[in-house]
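S.K.: Line by line, the protein sequences give chains B and G. In terms of our numbering, the first sequence is residues 1 to 113. In terms of our numbering, the second sequence is residues 1 to 111.
Among these hints, one or two may not hold up.
Over 12 Å on every C-beta distance to chain B, these chain G residues come out as not near it, computed from the model [unchecked claim]: (1) K2; (2) T24; (3) Y71; (4) I109.
Simulated crosslink set (DSS-like; lysine-lysine; CA at most 27 Å straight-line) [to be verified]: (5) G:K67 to G:K2; (6) B:K55 to B:K71; (7) G:K67 to G:K110; (8) B:K13 to B:K57; (9) B:K53 to B:K3; (10) B:K3 to B:K71; (11) G:K67 to B:K3; (12) G:K2 to B:K57; (13) B:K55 to B:K3; (14) G:K70 to G:K110; (15) G:K67 to B:K55; (16) B:K70 to G:K42; (17) G:K106 to G:K67; (18) B:K55 to G:K106; (19) G:K42 to B:K3; (20) G:K56 to G:K70; (21) B:K18 to B:K70; (22) B:K71 to G:K42; (23) G:K42 to B:K13; (24) G:K42 to B:K57; (25) B:K70 to B:K55; (26) B:K3 to G:K2; (27) G:K106 to B:K18.
No lab work stands behind these hints: they were computed from the structure. Ideal Cβ placement from N, Cα and C applies to all residues, glycine included.
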Amino acid sequence: DVKVTQSSRYLVKRTGEKVFLECVQDMDHENMFWYRQDPGLGLRLIYFSYDVKMKEKGDIPEGYSVSREKKERFSLILESASTNQTSMYLCASSLAEVGYGYTFGSGTRLTVV
Amino acid sequence: QKEVEQDPGPLSVPEGAIVSLNCTYSNSAFQYFMWYRQYSRKGPELLMYTYSSGNKEDGRFTAQVDKSSKYISLFIRDSQPSDSATYLCAMGMDSNYQLIWGAGTKLIIKP
């Protein structure tokens, strides 16, 4: 069974902390994505990567960075966490062709206090 | 105007009813149309997939695409309480690996 694994289900961090969210996929997918999901706002794309060491900004990249050193791993970094970054973070992966759809992880619920 | 519009609901129906969920879109280049189901505190999972126009049926679920009207639908027959979830539509096109998402409709099936 194909899987996207996010390292934490729930996280609580303090304002100003540097936060790392990890995502690993075992499907040899080329593309990986980070979204945040907030009530009433739906899924918003933060960053995506279509190859190792490649990254592209999504719709809301401010305050975030990413790293993809290996094909199977895509990390989201909150450089200095703020309370408005409290959200559900979802990682997804896909083959190069969009027609196959995405496989999502179970999500990380991040609370910044 | 968003590229993909979806009523966020919630939509509450009694068990056994036929449910109709819909999305409209503005980009005529979309060719891939998908429905994802998301249970509370889980990630979305692919439920139905359609390429171009037409219908697709899988058990109690039917997906329809009307490209002339830029309108897609998901029908659920004999709805069950276990169908209670948020349903997101997503669309994509060739030569672009990004899906464009609707906001999701929260569905509640009352026993």
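S.K.: State for each hint whether it applies.
M.R.: Hint by hint, here is what the structure shows:
| no. | hint | in the structure |
| --- | --- | --- |
| 1 | K2 | violated, 9 Å |
| 2 | T24 | holds, 15 Å |
| 3 | Y71 | holds, 19 Å |
| 4 | I109 | holds, 20 Å |
| 5 | G:K67 to G:K2 | holds, 17 Å |
| 6 | B:K55 to B:K71 | holds, 12 Å |
| 7 | G:K67 to G:K110 | violated, 33 Å |
| 8 | B:K13 to B:K57 | holds, 24 Å |
| 9 | B:K53 to B:K3 | holds, 21 Å |
| 10 | B:K3 to B:K71 | holds, 14 Å |
| 11 | G:K67 to B:K3 | violated, 33 Å |
| 12 | G:K2 to B:K57 | holds, 19 Å |
| 13 | B:K55 to B:K3 | holds, 22 Å |
| 14 | G:K70 to G:K110 | violated, 31 Å |
| 15 | G:K67 to B:K55 | violated, 32 Å |
| 16 | B:K70 to G:K42 | holds, 25 Å |
| 17 | G:K106 to G:K67 | holds, 24 Å |
| 18 | B:K55 to G:K106 | violated, 32 Å |
| 19 | G:K42 to B:K3 | holds, 13 Å |
| 20 | G:K56 to G:K70 | holds, 17 Å |
| 21 | B:K18 to B:K70 | holds, 21 Å |
| 22 | B:K71 to G:K42 | holds, 24 Å |
| 23 | G:K42 to B:K13 | holds, 21 Å |
| 24 | G:K42 to B:K57 | holds, 25 Å |
| 25 | B:K70 to B:K55 | holds, 12 Å |
| 26 | B:K3 to G:K2 | violated, 31 Å |
| 27 | G:K106 to B:K18 | violated, 33 Å |
Against the hints set out earlier in the document, violations occur for numbers 1, 7, 11, 14, 15, 18, 26, 27.
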